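Here the structure of chain F is known, so what remains is to put chain P in place on it, guided by the hints.
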Amino acid sequence: MSLPLIRTLVDRLVAGLIVLCVSVAAVPVLVLFLFVLINGLPGMLTPGFFTDPPHPQGVPGGGVLNAIIGTLEIVGIGSLLAVPVGALIGIFLSEYGRNQIGNTVRFISDVFTGLPSIAFGIFGYTVVVLTTHHFSALSASVALAVLMLPVILRATETALVLVPNSLREAGLALGAPRWRVTLEIVVPAALGGIVTGALLAMARAAGETAPLLFTAFGNDIVQTNPLQPMGALSLTIFRNALVPYPNLQQQAWAAALLLVTLVAATNILARIYVRRIQR
Amino acid sequence: MQTKVAPSPARDADAEIKLDARQVNFWYGDFQALQDASLAVQARKITALIGPSGCGKTTFLRIFNRMHDLTPGTRATGEVLLDGHNVLSPDTDVINLRRQVGMLFQRANPFPKSIYDNVAYGPHILGWSKPQINEIVEESLKDTALWEEVKDRLHRSALNLSGGQQQRLCLARALAVKPDVILMDEPASALDPIATLRIEELMQELKKRYTIVIVTHNMQQSARVSDFTAFMLMNERRAGEVIEFGPTDDIFNRPKDSRTEDYITGRFG
Chain F
1 MSLPLIRTLV DRLVAGLIVL CVSVAAVPVL VLFLFVLING LPGMLTPGFF TDPPHPQGVP
61 GGGVLNAIIG TLEIVGIGSL LAVPVGALIG IFLSEYGRNQ IGNTVRFISD VFTGLPSIAF
121 GIFGYTVVVL TTHHFSALSA SVALAVLMLP VILRATETAL VLVPNSLREA GLALGAPRWR
181 VTLEIVVPAA LGGIVTGALL AMARAAGETA PLLFTAFGND IVQTNPLQPM GALSLTIFRN
241 ALVPYPNLQQ QAWAAALLLV TLVAATNILA RIYVRRIQR
Chain P
1001 MQTKVAPSPA RDADAEIKLD ARQVNFWYGD FQALQDASLA VQARKITALI GPSGCGKTTF
1061 LRIFNRMHDL TPGTRATGEV LLDGHNVLSP DTDVINLRRQ VGMLFQRANP FPKSIYDNVA
1121 YGPHILGWSK PQINEIVEES LKDTALWEEV KDRLHRSALN LSGGQQQRLC LARALAVKPD
1181 VILMDEPASA LDPIATLRIE ELMQELKKRY TIVIVTHNMQ QSARVSDFTA FMLMNERRAG
1241 EVIEFGPTDD IFNRPKDSRT EDYITGRFG
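Order-wise, the sequence lines are chains F and P.
Under our numbering, the residue at position 123 of the first sequence is numbered 123, and the numbers go up by one with no gaps.
For any residue, its number in our numbering is found by taking its place in the second sequence, counting from 1, and adding 1000.
Just so you know, the hints here were simulated from the structure itself, not pulled from any lab data.
Given the structure is predicted, the values throughout are model-derived calculations rather than measurements.
Positions of the beta carbon are idealized from the N, C-alpha and C atoms, including for glycine.
It cannot be assumed that every hint is accurate.
What follows is a list of derived Cβ distance ranges for each label pair [as the list claims (entries may be wrong)]:
id	chain 1	residue 1	chain 2	residue 2	range
1	P	1208	F	100	49 to 55 angstroms
2	F	17	P	1200	52 to 58 angstroms
3	F	7	P	1224	48 to 54 angstroms
4	F	33	P	1159	55 to 61 angstroms
5	P	1107	F	222	54 to 60 angstroms
6	P	1265	F	21	29 to 35 angstroms
7	P	1194	F	26	46 to 52 angstroms
8	F	183	P	1027	28 to 34 angstroms
9	P	1148	F	26	39 to 45 angstroms
10	F	3	P	1071	46 to 52 angstroms
11	P	1159	F	3	53 to 59 angstroms
12	F	158	P	1073	21 to 27 angstroms
13	F	114	P	1194	55 to 61 angstroms
14	F	183	P	1162	52 to 58 angstroms
To list a few chain P residues with every Cβ distance to chain F over 10 angstroms, as calculated [unchecked claim]:
id	residue
15	1065
16	1078
17	1084
18	1091
19	1098
20	1133
21	1143
22	1193
23	1196
24	1239
25	1253
Computed, partial: chain P to chain F, Cβ under 10 angstroms [what the hints assert, rightly or not]:
id	residue
26	1076
27	1097
28	1102
29	1106
30	1109
31	1121
32	1125
33	1164
34	1174
35	1177
36	1183
Chain F with its partners taken away, still in its complex shape:
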């Protein structure tokens, strides 16, 4: 057999294997999305799904307005807490953290990344709920903020480390102090990565259920006061999926579809944003 033929066969074989591997990775995600779409779409199209709070059991209709507002507010406040702190720690790690302190922070952050998410719920419960004697959206935000922190700070550090050293040298060679070079040159150059990291952390936090169970607690009334118990999409899914009423189960599917769409949209937006500023 001639050599080029063997090469062609090997080439085909390896290409086939790669397609197979990609399919193994991609198909479950697509199936999951389709499954949620098929089961959730009818519920989502029910009148009042986006605009009404849940109705009492036995009253037809009702929606998840309480949960939509809750998820946005809880994640929003959590991000306000976590993004600045996480970004600052990330800047410290990249620019000043090549030492024992930096390594310690990195180690702690990695441990936090691996903690089960319910542990963050316990943190929010202990620190906020027990001290205020009250379930609240704020306690959930605190729990989610701690959960988001390691993701944000690692993403920030990675983005900053990728900024070529020649840019730092150029700034310093002009007689700029190090802190100004960091804030005015290095951070803007890495902004795409930092923003992406923050958005991905927000997307992850939005999908968390366990940290909310005994912090936000859930609330069937539309509530905007962060010091009161509040609903969230993940809590709606968790609770409604466990009850024997078909209309509530359908609502759980619809809430799942909404949550998946929000998370996917955030991810896609993050990617589009990065692509645009990289140009």
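For chain P alone, coordinates are given in the frame of chain F:
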């Protein structure tokens, strides 16, 4: 103690010495990279450092504005006098030093900002007013022959410029803080011959006002552009030494040291 300084024609009585390196030793950790390197750089002349790879040219150059501070574990001894003040002494204000001694790097490294913001960054750090900055940006871009090419797109990204334009932009950025000395670390090694020629032409213009020290391992470039040339080589312990230093014409046509002659005639390196 009388320090021994390499005797050279550059040290004649009426020449103004801008930068005077005396007996500089330099270590990266335990490794000595420079041994007793001396160099007297005349004001408003171009001084070239040549020699084979690894002989310490760039290390020597980066000591002049203390860029070696950025590398952990480095240490320098000896003196580098800038207008009589020792740059290496601990009480040197490094920020001020770098405003006086600017630098152009091997690869063009514009900030990922607009053309205007690149040149304006140094003056902005110095706290100059907006009209002053506008003026200095235009002046610096004219000095680097970029103004006509970019004046209609000052607020577009500097990253869209060609490699040669980017390097001239970096030069304009360095000029904008009004330095006395400009250090150039193989500034044309990543450029095509035409862009290289433009940089070399600019150097001839700029030396009327600035003192330039250039590292190059292109001997023709050194012969073309410089007034003085220092030939460096590493010794048996791999530490860089200045072998011979003098007017470029002498180094290339009447070298005193056989090692210089071997190098410039292409017998090694």
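Cross-check of the supplied hints:
For residue 1208/P paired with residue 100/F, a C-beta distance near 51 angstroms keeps the hint of 49 to 55 angstroms intact. Look at residue 17/F against residue 1200/P: about 54 angstroms separates their beta carbons, and that is inside 52 to 58 angstroms. In this structure, residue 7/F and residue 1224/P meet the distance hint of 48 to 54 angstroms, their C-beta atoms being roughly 50 angstroms apart. Residue 33/F and residue 1159/P have their C-beta atoms about 37 angstroms apart, which leaves the hinted 55 to 61 angstroms range violated.
A beta carbon spacing of about 58 angstroms between residue 1107/P and residue 222/F agrees with the range 54 to 60 angstroms that was offered as a hint. Separation of residue 1265/P from residue 21/F is about 59 angstroms and departs from the stated range, judged on CB atoms against 29 to 35 angstroms. For residue 1194/P paired with residue 26/F, a C-beta distance near 49 angstroms keeps the hint of 46 to 52 angstroms intact. For residue 183/F and residue 1027/P, the Cβ-Cβ distance of about 32 angstroms falls inside the hinted range of 28 to 34 angstroms, so the restraint holds.
Separation of residue 1148/P from residue 26/F is about 53 angstroms and departs from the stated range, judged on CB atoms against 39 to 45 angstroms. Distance hint check for residue 3/F and residue 1071/P: the Cβ-Cβ separation is about 51 angstroms, which falls inside the suggested range of 46 to 52 angstroms. A C-beta distance of roughly 45 angstroms is found between residue 1159/P and residue 3/F, which places it outside the suggested range of 53 to 59 angstroms. The supplied range of 21 to 27 angstroms is met by residue 158/F and residue 1073/P, whose beta-carbon atoms lie about 25 angstroms from each other.
About 56 angstroms separates the C-beta atoms of residue 114/F and residue 1194/P, a value consistent with the hinted range of 55 to 61 angstroms. Evaluation of the 52 to 58 angstroms hint for residue 183/F and residue 1162/P yields a failure: the beta carbon distance comes to about 30 angstroms. Look at residue 1065/P: its CB is around 7 angstroms from the nearest CB on chain F, not clear of 10 angstroms, so calling it non-interface is violated. The claim that residue 1078/P is not at the interface with chain F holds, since no C-beta of that chain comes within 10 angstroms of its own (minimum 22 angstroms).
The claim that residue 1084/P is not at the interface with chain F holds, since no C-beta of that chain comes within 10 angstroms of its own (minimum 20 angstroms). Distance check for residue 1091/P against chain F: the nearest CB is about 17 angstroms away, which clears 10 angstroms, and the non-interface claim stands. With a least CB separation of 4 angstroms from chain F, residue 1098/P falls inside the 10 angstroms interface cut-off, contrary to its annotation. The Cβ of residue 1133/P lies farther than 10 angstroms from every Cβ of chain F, with a closest approach of about 13 angstroms, so its non-interface assignment holds.
With a minimum CB-CB distance of about 16 angstroms to chain F, residue 1143/P clears the 10 angstroms threshold, and the non-interface call stands. No beta-carbon of chain F comes within 10 angstroms of the beta-carbon of residue 1193/P; the shortest separation is about 23 angstroms. Listed as a non-interface residue, residue 1196/P keeps its Cβ farther than 10 angstroms from every Cβ of chain F; the least gap is roughly 20 angstroms. For residue 1239/P, the requirement that its beta carbon stay farther than 10 angstroms from each beta carbon of chain F is met, with the minimum near 24 angstroms.
With a least beta-carbon separation of about 35 angstroms from chain F, residue 1253/P lies farther than 10 angstroms from that chain, consistent with its non-interface assignment. About 17 angstroms separates the beta-carbon of residue 1076/P from the nearest beta-carbon of chain F, more than 10 angstroms, and the hint is not met. At its closest, the beta carbon of residue 1097/P sits 8 angstroms from a beta carbon of chain F; the interface hint therefore holds under the 10 angstroms criterion. The interface hint given for residue 1102/P is met, as the beta carbon of that residue sits about 6 angstroms from the closest beta carbon of chain F, less than 10 angstroms.
With a least beta-carbon distance of about 9 angstroms to chain F, the hint placing residue 1106/P at the interface is held under the 10 angstroms criterion. Annotation: interface hint on residue 1109/P holds; nearest CB of chain F at approximately 4 angstroms, less than 10 angstroms. Contact between residue 1121/P and chain F, as hinted, is supported at the beta carbon level, the nearest pair being about 6 angstroms apart and thus within 10 angstroms. For residue 1125/P, the shortest C-beta to C-beta distance to chain F is roughly 5 angstroms, which falls under 10 angstroms, so the interface hint holds.
Here the hint on residue 1164/P is broken, as its CB sits about 17 angstroms from the closest CB of chain F, past 10 angstroms. For residue 1174/P, the interface hint holds, since its Cβ comes within 10 angstroms of a Cβ in chain F; the closest pair sits about 7 angstroms apart. Below 10 angstroms, beta-carbon pairs count as interface contacts, and residue 1177/P has one with chain F at about 6 angstroms; its hint therefore holds. The interface hint given for residue 1183/P is met, as the beta carbon of that residue sits about 8 angstroms from the closest beta carbon of chain F, less than 10 angstroms.
In this structure, the earlier hints numbered 4, 6, 9, 11, 14, 15, 19, 26 and 33 are contradicted, and the remaining ones agree with it.
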